[in-house]
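Q: This is what each chain is made of:
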Amino acid sequence: MRIFACLLALAAASPAAFAQTPADFLAAYAQQAKQENPAYQAPSARQGRLFFTARHGREWSCASCHTDNPADAGRHAVTGRPIKPLAPSANAARFTRQAKVEKWFRRNCNDVLGRACSAQEKGDVLAYLLTLK
Amino acid sequence: MKRSPALLSACLLAALPAHADGKRFDVRNAAYQSECASCHVAYPPQLLSAASWRAVMDGLPRHFGSDASLEPAIHADILRYLEANAGRRDTAAAGKPLLRITETRWFVREHAGELPRDIWKHPAVKSAANCAACHTDADRGDFSERTLRLPQGVSKK
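Protein chains in written order, with our numbering: chain A, 1 to 133; chain B, 1001 to 1157.
It is worth saying that the hints were derived from the structure and are not from the lab. Note that CB positions come from ideal geometry on N, CA and C, so glycine has one too. Any given hint could be a false lead.
Claimed, not checked - Computed list of lysine-lysine pairs in DSSO-like fashion (alpha-carbon distance at most 27 Å, straight line):
| hint | chain 1 | residue 1 | chain 2 | residue 2 |
| --- | --- | --- | --- | --- |
| 1 | A | Lys133 | A | Lys103 |
| 2 | A | Lys133 | A | Lys84 |
| 3 | A | Lys84 | B | Lys1121 |
| 4 | A | Lys84 | B | Lys1156 |
| 5 | B | Lys1126 | B | Lys1156 |
| 6 | B | Lys1156 | B | Lys1023 |
What the hints assert, rightly or not - Pulled a few chain A residues facing chain B out of the computed Cβ check, cut under 7 Å:
| hint | residue |
| --- | --- |
| 7 | Asn69 |
| 8 | His76 |
| 9 | Thr79 |
| 10 | Gly80 |
| 11 | Arg81 |
| 12 | Arg107 |
| 13 | Asp111 |
To be verified - Now the in silico label distances, taken between C-beta atoms and shown as ranges:
| hint | chain 1 | residue 1 | chain 2 | residue 2 | range |
| --- | --- | --- | --- | --- | --- |
| 14 | B | Lys1096 | A | Tyr40 | 41 to 51 Å |
| 15 | A | Lys133 | B | Leu1115 | 40 to 50 Å |
| 16 | B | Glu1083 | A | Arg55 | 34 to 44 Å |
Please take these sequences and the hints and turn them into a complete structure.
A: Now the structure itself:
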């Protein structure tokens, strides 16, 4: 019983580690962003769209591979490899596995920005992706 | 009973292990497929030496201009697979292991001669790394002539 309570507390303390749906990820990023910046309000789909389509001082934007409409299939900018749609409405597997989500944010933020993305940036992008039908 | 020689040789080829004709390779490895083949064709491990694969895997955070870093456990798993299936031929130049299959002597020889010089710049090909532009079954390690289709607008010299 004590172990169960302990697990429950752990789950509550680190929601991202147990997130299973895009909404869970969104809530976890918002919570983390709030911790990092008390003035933070909420994820912004508008900011997310701007972030997604803009270049950030380097050669690529997110849209370079995922296209300006991430509900469509994309294409790797170098190899031409097809990439399945990123928007959860078009691809139900997206934002359902913690390890996979963090792996791709780590790699792709490094490619596009030359650094890791903040929780706020991740939340904004996901909020934008969730507006796409 | 008469049988066509083509059919006979096709049956003989089918009876051999997948890699034996030099054009069909076994690329079935779950970690390799999910981690590497999400961005590019699952390049057959047999086409680079173990030393070349080690050099490739050492540079994953800056992998041909892209961050392809892996978790340590998955990294070790994939490296083990690549080493175990690597080609025995040395793929080095000037004493340094080559990182690109397309720079190996074997690749250059295979693609020289019949193909137009600007083939890799063709919009349907984009890059010599895009095997599947012509090798339509490259995803499954099949590089046999049977699956080869040049994109529209490209013809042999």
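Q: Output the indices of the hints that this structure fails to meet, ascending.
A: 4 and 7
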